[in-house]
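Asks: Each chain is listed here by its residues.
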Amino acid sequence: MSVITSAIGQGFLWGILGLGLFLTFRILDFPDMTVEGTFPFGAAVCVAALTHGVDPFVATALSFGAGLLTGLITGLLYTKGKIPILLAGILVMTGIYSINLRILGKANVGLMNEKTLFSPQFLQALPDGFASVTLGMIFTLVIVTLVSVFLDTDIGQAFIATGDNEKMARSLGIETDNMKILGLMVSNGLIGLSGGLIAQNNGYADVNMGIGTIVIGLAAIIIGEVAYGELSLTARLVAVVVGSILYRFVLLIVLKLGFSTNDYKLLSAIILAICLMTPLFKEKFQVVKLLKKGIEKP
Amino acid sequence: MTKPILELKNINTTVNIGTSEEKRILKDLNLTLEKGDFITLLGTNGAGKSTLLNVINGSLSPTSGKVLMNGEDITLLNDVKRAKYIAQVFQDPKMGTAPRMTVAENLLLASKRGQKRGLKLRGLSKHMDEFKQATAKLPNGLSNRLNTFAGSLSGGQRQTLSFLMATLQNPDLLLLDEHTAALDPNTSEQLMALTDEVVSNKDLTCVMITHQLKDALKYGNRTIILHAGEIVLDVKGEAKKQLNEKEILQYFEK
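Residue numbers (full-length UniProt numbering), protein chains in the order written: chain A, 1 to 298; chain B, 1 to 254.
Okay, chain A solo, but in the shape it has when bound (with noise of 0.2 Å):
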């Protein structure tokens, strides 16, 4: 039972990261390499500065603010610097990865009795991983509220505009460069926020820990999209924290038929590409029609 809690919680938090690459990959229409510079970025930040004696709550915001600066660089030299956005991800990236060891002094850094968010008394007489699951579930919550908020403004608009057309967006007045950048720095201080706490739950954070997160992000968005369809903004949002709780129980079936954690990033990418691919399968092979056939009586 506290396998399947556990992935709960851990879907949630990992789900703030699946909406902060929502607003890039699905609403700008860019894929945006930067997030594994940023997830162990915010979580260095966190951990450091929790090691410092730093409040938790200022920790985790400092963590969503060292995202916030990785997509101003990102957006910076995509927009200004006119270098395309795959690369100029990639570049912050890999310089990321230098200023992690800088903060966090080694490779690992573990937490020991520092207190985090998930230390306070209510929470830790929870049962086993319920603490994850309810801060998760807040987070979300207030974070998938907020954004679906913003998206209703007149500015949330504009941004929506600029990523599915731009042209049109330039030619209506719309600021695109600064549109890019502000998604770049909202998402990535999302991205940023969901290394603090998964940092802060899984008690270290580790330089290396970035590699194939932007292979789970989308893997929650896709999961999601696959699972619902057609669906309104904010229920888009809500889709993906769902595809990333899926994600995870996928993850833990993986486990259960024998493999290793080893696997993991081998089997994450199979997953992806699977579902990147159902589109085409329902066209070139009509699985609904043929499973719906199947079902038939003859």
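Be aware that one or more of the hints could be misleading.
To be verified - Pairs of lysine-lysine residues, derived as DSBU-like cross-links and limited to a Cα-Cα distance of at most 30 Å, are as follows:
(1) K132(B) - K80(A)
(2) K66(B) - K106(A)
(3) K246(B) - K167(A)
(4) K167(A) - K240(B)
(5) K81(B) - K82(A)
(6) K94(B) - K126(B)
(7) K137(B) - K167(A)
(8) K126(B) - K80(A)
(9) K240(B) - K80(A)
(10) K82(A) - K112(B)
(11) K167(A) - K9(B)
(12) K116(B) - K80(A)
(13) K94(B) - K80(A)
(14) K82(A) - K94(B)
(15) K214(B) - K80(A)
(16) K66(B) - K82(A)
(17) K167(A) - K81(B)
(18) K167(A) - K132(B)
(19) K106(A) - K120(B)
(20) K167(A) - K241(B)
(21) K82(A) - K23(B)
(22) K80(A) - K66(B)
It should be emphasised that the hints constitute simulated quantities derived from the structure, not laboratory data.
Once you've looked at the hints, dock chain B against the given chain A.
Replies: Positioned in the frame of chain A, the structure of chain B alone reads:
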């Protein structure tokens, strides 16, 4: 005396400067648009029509020369800044609308053309009646599709929407870049009729690029022919009415 809406002074544009491909497109071009002018702009491919439009809308800055809007120098303002004064309908129906946003959402975006957009709730539902009215007279049933994604509309509907979006806020200057060229003859004719009606009802100043000589003769009060980067014909009013196809074709053969 009122200032002209737009003045172009000694505009030169050269592309690929410093390479073997260097080419002068617009050559010492001067043009003045008075309020209410409805110009049909003709010219062969490569004459510089699109370049001229891009210099006006700010997406291309001229190599030399000045652009004045209502007497104000706007040469250094980019396309985003000029959106306050200038609206454009592109040739490609896909260019003028956001496909994953609904018709109403597109209209709401356009109703704030060139305005500051802040963290205020957009209030889409408050505007629905207004959009219903704005689309009611249109030929192709847009008023029933306000909640449809623009990407699922037909080409004609999308282009009608683009046109409505461009004229919603009464721009100082409306640019039409062969906006009916991608449509079938019937739809094209409908949109041209709508264009004429809206431009004259709202007393808009408009530059329309077209390859349809018939349209160029039928619509507008002024015709300009561009050839190899220079204005070779600029007629207005009575003289424009006297113009015929044969005469126009002579300028094309030069």
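Asks: Against each hint, give a clear statement of whether it holds in the structure.
Replies: Going through the hints against the structure:
At most 30 Å may separate the alpha-carbon atoms for a hinted pair to count; K132(B) and K80(A) exceed this at roughly 40 Å. Pair hint K66(B) plus K106(A) does not hold up; C-alpha atoms about 59 Å apart against a cutoff of 30 Å. Straight-line distance between C-alpha atoms of K246(B) and K167(A) comes to about 38 Å, which puts the hinted pair past the 30 Å bound. Between the alpha carbons of K167(A) and K240(B) the distance comes to roughly 34 Å, so the proposed pair goes past 30 Å and is violated.
A hinted pair counts as satisfied when its Cα atoms are at most 30 Å apart, and K81(B) with K82(A) qualifies at roughly 20 Å. Simply put, K94(B) and K126(B) have alpha-carbon atoms about 27 Å apart, close enough for the 30 Å limit, and the pair holds. This hinted pair checks out: K137(B) and K167(A) have alpha carbons roughly 28 Å apart, not beyond 30 Å. About 37 Å separates the Cα atoms of K126(B) and K80(A), which puts this hinted pair outside 30 Å; it is violated.
For the hint pairing K240(B) with K80(A), the CA-to-CA distance comes to about 47 Å; that exceeds 30 Å, so the pair is violated. Between K82(A) and K112(B) the alpha-carbon distance is near 28 Å, which keeps this suggested pair within the 30 Å criterion. The suggested pairing of K167(A) with K9(B) holds, with an alpha-carbon distance near 27 Å, which does not exceed 30 Å. At roughly 22 Å between alpha-carbon atoms, K116(B) and K80(A) fall within 30 Å of each other, so this suggested pair holds.
Of the supplied pair hints, the one linking K94(B) and K80(A) holds, its CA atoms being roughly 27 Å apart against a limit of 30 Å. The hinted pair formed by K82(A) and K94(B) meets the criterion: a straight-line CA distance of about 25 Å does not exceed 30 Å. Annotation: proposed proximity of K214(B) to K80(A) is violated, straight-line Cα distance about 45 Å (limit 30 Å). The suggested pairing of K66(B) with K82(A) holds, with an alpha-carbon distance near 27 Å, which does not exceed 30 Å.
With a C-alpha separation of about 14 Å, the suggested pairing of K167(A) with K81(B) holds against the 30 Å cut-off. With a C-alpha separation of about 26 Å, the suggested pairing of K167(A) with K132(B) holds against the 30 Å cut-off. Between K106(A) and K120(B) the alpha-carbon distance is near 46 Å, which puts this suggested pair outside the 30 Å criterion. With a C-alpha separation of about 36 Å, the suggested pair K167(A) and K241(B) falls outside the 30 Å cut-off, and the hint is violated.
A threshold of 30 Å between alpha carbons decides the hint, and for K82(A) with K23(B) the separation of about 25 Å falls inside it, so the pair holds. Proximity of K80(A) to K66(B) is assessed by CA-CA distance (about 26 Å); at most 30 Å being required, the pair is judged to hold.
When the structure is compared with the earlier hints, violations turn up for hints 1, 2, 3, 4, 8, 9, 15, 19 and 20 and for no others.
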